[in-house]
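Chain by chain, the residues:
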Amino acid sequence: MREIAASTITAAVARLCIEACIDLPEDVETTLRRAQASEESPLGAEVLEQILENARLARAQRLPICQDTGFTSVQLLVGQEVLITGGDLYAAVNAGVRQGYSEGLLRYSILEHPLRRRNTGDNTPAAIHTEIVPGDRLTIRVMPKGGGCENMSTLRILKPSEGEAGVKRFVVESVFNAGPNACPPLVVGVGLGGTFDLCAHLAKRALFRRLGEPSPDPDNARLEQELLAQVNQTGLGPAGLGGRFTALAVNVESYPCHITALPVAVNIQCHAARHKEVVL
Amino acid sequence: MAEPIRLRTPLTEEAVTALKAGDRVLISGPVIAARDAAHQRLVELIARGEPLPVELQGQVIYYVGPTPAPAGRPIGSAGPTTAMRMDAYSLLLLERGLKGMIGKGRRTPALIEKLREHRAVYFAAGGGLGALLSERIRSVEVLAYPELGTEAIRRMVVEEFPAIVINDCHGGDYYTEGVETWRVPSE
Ligand code: SF4
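Quick note, the sequences are listed as chains A and B, same order.
Just so we're aligned: 259 in the numbering used here is position 259 of the first sequence, and the numbers increase by one with no gaps anywhere.
Just so we're aligned: 1155 in the numbering used here is position 155 of the second sequence, and the numbers increase by one with no gaps anywhere.
Any given hint could turn out to be false.
Taking lysine to any residue and the SDA-like style, the derived pairs with C-alpha atoms no more than 25 Å apart in a straight line are [to be verified]:
1) Lys1020/B <-> Arg33/A
2) Lys276/A <-> Glu213/A
3) Lys159/A <-> Pro256/A
4) Lys168/A <-> Ser1186/B
5) Lys276/A <-> Pro1068/B
6) Lys1020/B <-> Arg1136/B
7) Lys1020/B <-> Gln50/A
8) Lys168/A <-> Pro256/A
9) Lys159/A <-> Arg141/A
10) Lys168/A <-> Arg1183/B
11) Lys276/A <-> Ser41/A
12) Lys1020/B <-> Ser41/A
13) Lys276/A <-> Asp122/A
14) Lys168/A <-> Pro1185/B
15) Lys1020/B <-> Glu1117/B
16) Lys1020/B <-> Arg1006/B
17) Lys1020/B <-> Asp27/A
18) Lys1020/B <-> Ser1186/B
19) Lys276/A <-> Pro42/A
20) Lys1020/B <-> Gly235/A
21) Lys168/A <-> Val1184/B
22) Lys276/A <-> Ala11/A
23) Lys168/A <-> Ala1069/B
24) Lys276/A <-> Arg34/A
25) Lys276/A <-> Pro1070/B
26) Lys1020/B <-> Pro1070/B
27) Lys276/A <-> Leu89/A
28) Lys168/A <-> Pro216/A
29) Lys159/A <-> Leu228/A
30) Lys276/A <-> Ala1069/B
31) Lys276/A <-> Ala5/A
32) Lys1020/B <-> Val172/A
33) Lys1020/B <-> Pro256/A
34) Lys168/A <-> Glu1180/B
35) Lys276/A <-> Glu29/A
36) Lys168/A <-> Thr1176/B
37) Lys1020/B <-> Ala45/A
Pairwise CB distance ranges (calculated) [said to hold, decoys possible]:
38) Glu1003/B <-> Glu103/A: 41 to 49 Å
39) Glu277/A <-> Gly1072/B: 30 to 38 Å
40) Gly86/A <-> Glu1177/B: 58 to 66 Å
These are calculated hints, taken from the structure and not from any lab test.
Here the structure is a predicted model, which means the values were calculated and not measured.
From the three backbone atoms N, C-alpha and C, an ideal C-beta is built for every residue, glycine too.
All chains, full assembly: derive it from the sequences and hints.
Right, dumping it as C-alpha cells:
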C-alpha cells in the first residue's frame, strides 16, 4: 500500500480550486482563439475576443474568470493500492474546498438544503464522485461548475427505435434551449447508455476530456463531429447573439445499456470551461 | 458595426424609447446590483405594502452576485447572471418605475410584453466576462441585506459598462434576430 496523508489531499484540492477558477485551461483557450479567427459574425468575433481578453486579465490580476465559481465538482480516481492516512477522504476534500474558496476570494454559492436555501458559507460540500482504479496513485480532478450552464442540462430515456437520429435531435434541441443562458460557445458533454444515474455521470465525465481529443470509440468520434456541425448550424453563436460558434466541442461517452432503453444525457458547459487535475 | 450608444443612469423615457434591439451601449452612472434572494425580499415588501430599501424610479438593476473584492479593487469578478429567474419578480418592479435590467439569457414573453407597456429595456452584458466587466465598476456600496453575502443589494457606479439591447420597448428581441441571421437552414 502507498500512503497519502489526508492533509496532502486538502492542500491539493485548495490549490486546484483557486487555479481552476483563475486560470483558463490551455486547451480551452487555444480552441477559443481558433474560433475567434474564423467566426464570421462580427459581433460573435468581438464576443470571442472579449472572452480571451477576460481570460488574460483574470490570470494577470488573479481574479476569478467568472463570478460564478460554481458547485465544486470533484472526481477522485483512487488507486486500489492507496491508503489514506490521518483523516477521512471526503472530509479532506471538503476542507480543501473550504480553504481554497476562502483564500482565493471565490464566491460561496452552495445552499444547505434546496428548499430551506441557507448558504453554507464556505462553498462546501463539493459534489464528489469516486472511482476505484488499478495502481497506487490518486488523481484529483476539480471542476467549478457554474449554475447558468448546469441548469440547462438535460436527460431523457429515448425509445431504441428513435436511434441515432433521435439522439441527435435531443442533443441539438437541448443546446438550442440552453441558448444564451448557458454562455456559449459551449462544451457539450453527452452521455449515452447506462442507467439513469450513470448516463448523467457519463455526460459530466465527457466534460473532463481535453478539447480536440476524439473519443477512442470510432462511432462516438463520428457522432461528436456530426453533432458539433449540427449544433453550430443553429445560429446561436457566441453569447447567443448570432454566429457560427455555438459550441467549441461535443464530447461523447458511452456505456452498455438495457435492451429496452436508449438513455441520453446532455451536460452543458459554458465557455468558462474550468478544470484542473493533479496526480498524487 | 455602429459605434455604441452612450447612456447615463438613471434612464429617461426618451433614452429608453430611442433604443432598439441589437444596439450596443456603454452605460455610465449608478446601477443597483440585485439577484434572486434580494428580489424575493423586495417583492415581499411590496406585497406587505412596506417601503423598499431602494428607489426604483428610472433605475437600472444589474443581476450580479460578485466574488469578494481583493485588496485595491472595489469588487471581485462581477459578470451578469441568468435573467429569467428574476422574471416573476421583475414584473412588479417594472410597475414601480424600474427602467432597465442588465443580465444574460432569454426573458419570458410576459416580461417582454411588460417592457413595452412600461417603456423599459433589457440589456445583456457579457456572460462569463466577470473579470473584464469588473474593470468598468468604479465603486461599490452595500445598500441592503448585507447578511445575504454575494446576494446583498449593492449600489455600483459603472463607467462605460458595455452591454447590448436584447429586448427594447417596441417588442424587439435581438436573441431571435441574431439567431435568424446566422442559422443554417436544414435541407
Ligand atoms: S454559465 Fe459559466 S460563464 Fe456563464 S455565468 Fe455561469 S459560470 Fe459564468
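Now the hints, each set against the structure:
1. Lys1020/B <-> Arg33/A: With a Cα-Cα distance of about 31 Å, the restraint between Lys1020/B and Arg33/A is violated, given a limit of 25 Å.
2. Lys276/A <-> Glu213/A: 17 Å, holds
3. Lys159/A <-> Pro256/A: Between Lys159/A and Pro256/A the Cα gap is close to 15 Å, so the pair holds against 25 Å.
4. Lys168/A <-> Ser1186/B: Status holds; Cα separation ~14 Å.
5. Lys276/A <-> Pro1068/B: 22 Å, holds
6. Lys1020/B <-> Arg1136/B: Between Lys1020/B and Arg1136/B the Cα gap is close to 23 Å, so the pair holds against 25 Å.
7. Lys1020/B <-> Gln50/A: 23 Å, holds
8. Lys168/A <-> Pro256/A: The hint holds at about 18 Å.
9. Lys159/A <-> Arg141/A: 34 Å, violated
10. Lys168/A <-> Arg1183/B: 17 Å, holds
11. Lys276/A <-> Ser41/A: Violated, at about 32 Å.
12. Lys1020/B <-> Ser41/A: 19 Å, holds
13. Lys276/A <-> Asp122/A: 20 Å, holds
14. Lys168/A <-> Pro1185/B: Judged against 25 Å, a Cα distance of about 16 Å means the pair holds.
15. Lys1020/B <-> Glu1117/B: Holds, at about 16 Å.
16. Lys1020/B <-> Arg1006/B: Holds, at about 14 Å.
17. Lys1020/B <-> Asp27/A: 38 Å, violated
18. Lys1020/B <-> Ser1186/B: This hinted pair is violated, its Cα atoms lying about 30 Å apart.
19. Lys276/A <-> Pro42/A: Violated, because 32 Å separates the two Cα atoms, which is more than 25 Å.
20. Lys1020/B <-> Gly235/A: Since the Cα atoms of Lys1020/B and Gly235/A sit roughly 21 Å apart, the hinted pair holds (cutoff 25 Å).
21. Lys168/A <-> Val1184/B: 16 Å, holds
22. Lys276/A <-> Ala11/A: At roughly 14 Å apart (the allowed maximum being 25 Å), Ala11/A and Lys276/A satisfy the hint.
23. Lys168/A <-> Ala1069/B: 43 Å, violated
24. Lys276/A <-> Arg34/A: 22 Å, holds
25. Lys276/A <-> Pro1070/B: 23 Å, holds
26. Lys1020/B <-> Pro1070/B: Judged against 25 Å, a Cα distance of about 37 Å means the pair is violated.
27. Lys276/A <-> Leu89/A: Status holds; Cα separation ~19 Å.
28. Lys168/A <-> Pro216/A: 20 Å, holds
29. Lys159/A <-> Leu228/A: 23 Å, holds
30. Lys276/A <-> Ala1069/B: Holds. Lys276/A to Ala1069/B sits at ~24 Å (cutoff 25 Å).
31. Lys276/A <-> Ala5/A: Holds - the C-alpha atoms of Ala5/A and Lys276/A are around 20 Å apart, at most 25 Å.
32. Lys1020/B <-> Val172/A: Outside the cut-off at roughly 30 Å; violated.
33. Lys1020/B <-> Pro256/A: 51 Å, violated
34. Lys168/A <-> Glu1180/B: 21 Å, holds
35. Lys276/A <-> Glu29/A: Roughly 14 Å between the alpha carbons, so the hint for Lys276/A and Glu29/A holds.
36. Lys168/A <-> Thr1176/B: 23 Å, holds
37. Lys1020/B <-> Ala45/A: 21 Å, holds
38. Glu1003/B <-> Glu103/A: 41 to 49 Å: The hinted range 41 to 49 Å holds for Glu1003/B and Glu103/A, with Cβ atoms some 43 Å apart.
39. Glu277/A <-> Gly1072/B: 30 to 38 Å: 32 Å, holds
40. Gly86/A <-> Glu1177/B: 58 to 66 Å: Holds - the Cβ-Cβ distance for Gly86/A and Glu1177/B, about 59 Å, lies within 58 to 66 Å.
In summary, the structure is inconsistent with hints 1, 9, 11, 17, 18, 19, 23, 26, 32, 33 from the numbered list given earlier, while agreeing with the others.
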